[in-house]
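J.: Chain by chain, the residues run as shown.
2 protein chains.
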Amino acid sequence: MKVGLITIGNELLSGFTTDTNAAWIGQRIGEVGGVVIWHLTTQDSREDIIRSIESTPEDVQVLIITGGLGPTHDDITATSLYHWAQTETEFDEDYWKELEEKFKNRNVTIPEINKNQALKPIDGEMIQNPVGSARGIRINKNGLDIIALPGVPAEMKAMMTLSVIPLLDENIHNPIHNQTLRTTGIMESALAEKLEPILRETKVKLAFLPKLTGVDIRISSADTNEISELRDAIFHAVGKYIFGEGDILLEEAIGKLLIKKNLTIGVAESCTGGLISDRFTNVSGSSVYFHGGIIAYQNKVKITELNVKKETLETFGAVSEETAIEMAKGIQSRLQVNLGLSSTGIAGPGGGTDEKPVGLLFIALAHAKGVMTKKFNLTKKRIINKELASQAALNMIRIHLTRD
Amino acid sequence: MKVGLITIGNELLSGFTTDTNAAWIGQRIGEVGGVVIWHLTTQDSREDIIRSIESTPEDVQVLIITGGLGPTHDDITATSLYHWAQTETEFDEDYWKELEEKFKNRNVTIPEINKNQALKPIDGEMIQNPVGSARGIRINKNGLDIIALPGVPAEMKAMMTLSVIPLLDENIHNPIHNQTLRTTGIMESALAEKLEPILRETKVKLAFLPKLTGVDIRISSADTNEISELRDAIFHAVGKYIFGEGDILLEEAIGKLLIKKNLTIGVAESCTGGLISDRFTNVSGSSVYFHGGIIAYQNKVKITELNVKKETLETFGAVSEETAIEMAKGIQSRLQVNLGLSSTGIAGPGGGTDEKPVGLLFIALAHAKGVMTKKFNLTKKRIINKELASQAALNMIRIHLTRD
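Which chain is which? The protein sequence lines are A and B, in order.
For the numbering used here, count along the first sequence from 1 and bump the result up by 47.
For the numbering used here, count along the second sequence from 1 and bump the result up by 47.
In short, the hints are calculated from the structure, not lab data.
You may find that some hints are simply not true.
Pairs involving identical chains hold if they fit within one copy or between any two copies, as the list cannot separate such chains.
What the hints assert, rightly or not - Distance condition first, Cα-Cα at most 20 angstroms in a straight line; then the derived SDA-like pairs of lysine to any residue: (1) 427 x 209; (2) 416 x 268; (3) 403 x 331; (4) 258 x 71; (5) 258 x 67; (6) 428 x 332; (7) 204 x 65; (8) 258 x 424; (9) 427 x 205; (10) 258 x 65; (11) 49 x 102; (12) 204 x 279; (13) 403 x 439; (14) 151 x 90; (15) 287 x 256; (16) 416 x 364; (17) 427 x 334; (18) 204 x 256; (19) 252 x 210; (20) 250 x 345; (21) 428 x 329.
All chains should be modelled from the sequences, with the hints used to inform the complete structure.
T.: Next comes the structure, spelled out in structure tokens:
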């Protein structure tokens, strides 16, 4: 099934909002074997919305539209769609009563401007919204199945899951399957070169998806046996860089390893400023192995809370292998955990010197048999450095745990 | 100046990658007074790329294309563009030598597959890439100014900043100006109702941009006086919810307040798991006021590292106002800082009870004159709860500091 997507809103085009809905919709459609082949973002004027619907490629069977169904003056998707489909509307008294009740339960008086959300088309259906007040619309016109949903992610997602996906699932034949292998610690071109002999032999579609912290390899085919064979060949060639499959995150992969080996961990962070702990605790159930962390942003905190020696800081500096080692050992003994992980570096943009430039990073992992350390030279950008440093630190745990 | 944007890649349509480039480009274009009016995402086949270029609306003057300029087999933007524009290519020996040199300096042998990146069109220009090996392409055809850039964000951004923006800046007349007021702690419909009298009176364009953690209000006009008047009226009506203007983040606004008042802060996190500290330390220069944090994910860490009383945990539980208060006071005294901020809650999806359901949150702020606390009932979703909790906690600091 070929799906088209139109996302509506000047705020998307102007970049005031990043469109995360499109990726989410693409994934869900892919999971039921469909494929989004075209995605247009347009301004929120009636003229632009209608022009966009009309420019939908002919091979699109289902057109999903998101955004512009809210209560305010700039929400004009519904009226534009009704105009294009030439359908009249009527006021839905039942739904209005339902809305009034909903707001009453929350001790809020319903604003009058919500009234336009109770309109419904005569030639179409409404799609229930279990989260908010804006219902979805489904209209079939000129052989195109059009589904309009609100742009608020929580509402759109609930409605896709409850109503739209089950609807599409029935209409899909001969689905394409995907398998993703997630790597970290190797560049795209090096990965491509290592896989070149495999790529030359296979007819199966393979894509490299480089991200800041790693490269995903995606295998696509209608034949699951072909996928499985190619997957094994790739594992054979570059398996040591693969931390997981599907949409697993590195922090989830590490969580599984820690649970399997029955190990606990604590984190001592300087330059990453809480990001490593944040990533650990994004994983549901992480409290089993993640006991806690100390963010020692100032040197005095490194001394009082992590037992880093004053002399170490004076002799080698806060950003040094020696300090990283003492931080890792410090958190390991303070929290009485099996593994102590630390980061110290110069995130930037200021604070660099010739000897210790912005981007310099030391990470250390204290384990039962000693301490593993690594030095990196990252970029000049603060947020990117935090992200890369947290990835390198997490990957160090993976390397340690898979090496044993 | 009206700009069109085509982003290329099956990984964007399938949702394996979230398109963050589009928002970034929209913002940069807006800053120099241009406007992105159309954005299409297409599959990476030659046919689709050419069809997309041909479907560009007639009022688009500059068309930016991103993605598919890398070295691997699925990077076909350049050849598609040359095919569409009917231009031949030649091998750029100088650039190839430059590339070889670059790789040599990094102690990496240049893969042969990078050779296609040294091709250049006869009827067009190349755009330098200061970060990676894929250069950009500029071709003018049928009155449309086409600029193709790599999709890797760091490379695209560097090239936009260095080459493309300066080029566009010269071509812009009668720019539209934007002013954004950022609110938190109030719903979109409540905000719209409070501003309804102002909205009714003005002809200036005003948009509400709801996000998970707040609503942005954007004023747009070619007349900066009109913007300034409307801005003042909005401040008069809902100023207490506005934490800043432009693209300032809540953590940046708080940083400015803390510096102004010469105060230091430490954070004790349970359910937010490091996210509050991460947000503080995303701000360059935050080490002046942010001294550190303790992530007490397990109860024993709350006792040993934050001096929370065992009896408090036993009597009231880890998720309670009493524990939040002791955590806030604990971090305040441990790190010897002016303000101690704490969070404790049930992030979910598991761990909820009838009495203490998933989404329950307590935050506390210990300051010079006492402790401020607040209770929330958030959602059932872990990552959303962490985000909302960190926002509520940061907003508590803002409310405290602006109330004084």
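J.: Does each hint fit the structure? Answer for all of them.
T.: Hints and how they fare:
When the C-alpha separation of residue 427 and residue 209 is checked against a cutoff of 20 angstroms, the pair qualifies only between copies, where the shortest distance is 16 angstroms, while the shortest distance within a copy is 44 angstroms. In this assembly of identical chains, residue 416 and residue 268 lie within 20 angstroms of each other by CA distance neither inside one copy nor across copies; the values are 45 angstroms within and 65 angstroms between. In this homomeric assembly, residue 403 and residue 331 come within 20 angstroms of each other (Cα to Cα) only across copies, at 18 angstroms, whereas the closest approach inside a single copy is 38 angstroms. Taking the shortest alpha-carbon separations for residue 258 and residue 71, both the intra-copy value of 17 angstroms and the inter-copy value of 16 angstroms come in at or below 20 angstroms.
Taking the closest pair of Cα atoms, residue 258 and residue 67 come within 20 angstroms of each other both inside a single copy (16 angstroms) and across two copies (11 angstroms). For a Cα distance limit of 20 angstroms, the shortest separation of residue 428 from residue 332 across copies, 13 angstroms, qualifies, whereas the shortest one inside one copy, 32 angstroms, does not. Taking CA atoms no more than 20 angstroms apart as the test, residue 204 paired with residue 65 passes in both settings, with 16 angstroms inside one copy and 16 angstroms between copies. With identical chains, the CA atoms of residue 258 and residue 424 are at most 20 angstroms apart within one copy only, with a shortest distance of 18 angstroms there and 35 angstroms across copies.
Only between protomers do residue 427 and residue 205 lie at most 20 angstroms apart by alpha-carbon distance; the minimum there is 12 angstroms, versus 40 angstroms within a single protomer. In this homomeric assembly, residue 258 and residue 65 come within 20 angstroms of each other (Cα to Cα) both inside a single copy, at 17 angstroms, and across copies, at 10 angstroms. Taking CA atoms no more than 20 angstroms apart as the test, residue 49 paired with residue 102 passes in both settings, with 15 angstroms inside one copy and 19 angstroms between copies. Taking identical chains as interchangeable, the C-alpha atoms of residue 204 and residue 279 are never at most 20 angstroms apart, the minima being 34 angstroms within one chain and 37 angstroms between chains.
Proximity of residue 403 to residue 439 under the C-alpha cut-off of 20 angstroms is restricted to the intra-copy arrangement: shortest distance 19 angstroms within a copy versus 37 angstroms between copies. For a Cα distance limit of 20 angstroms, the shortest separation of residue 151 from residue 90 qualifies neither inside one copy, at 34 angstroms, nor across copies, at 47 angstroms. Proximity of residue 287 and residue 256 under a CA criterion of 20 angstroms is satisfied intra-copy only: 18 angstroms inside one chain copy versus 44 angstroms between copies. Proximity of residue 416 to residue 364 under the C-alpha cut-off of 20 angstroms is found in neither arrangement, the shortest distances being 26 angstroms within a copy and 37 angstroms between copies.
Taking the closest pair of Cα atoms, residue 427 and residue 334 come within 20 angstroms of each other only across two copies (18 angstroms); inside a single copy the shortest separation is 34 angstroms, beyond that limit. In this assembly of identical chains, residue 204 and residue 256 lie within 20 angstroms of each other by CA distance solely across copies; the values are 18 angstroms between and 24 angstroms within a copy. In this homomeric assembly, residue 252 and residue 210 never come within 20 angstroms of each other (Cα to Cα): the closest approach is 32 angstroms inside a single copy and 35 angstroms across copies. Proximity of residue 250 to residue 345 under the C-alpha cut-off of 20 angstroms is found in neither arrangement, the shortest distances being 55 angstroms within a copy and 51 angstroms between copies.
Taking the shortest alpha-carbon separations for residue 428 and residue 329, only the inter-copy value of 11 angstroms comes in at or below 20 angstroms, while the best intra-copy value is 24 angstroms.
Checked against the numbered hints given earlier, this structure breaks hints 2, 12, 14, 16, 19 and 20; the rest are met.
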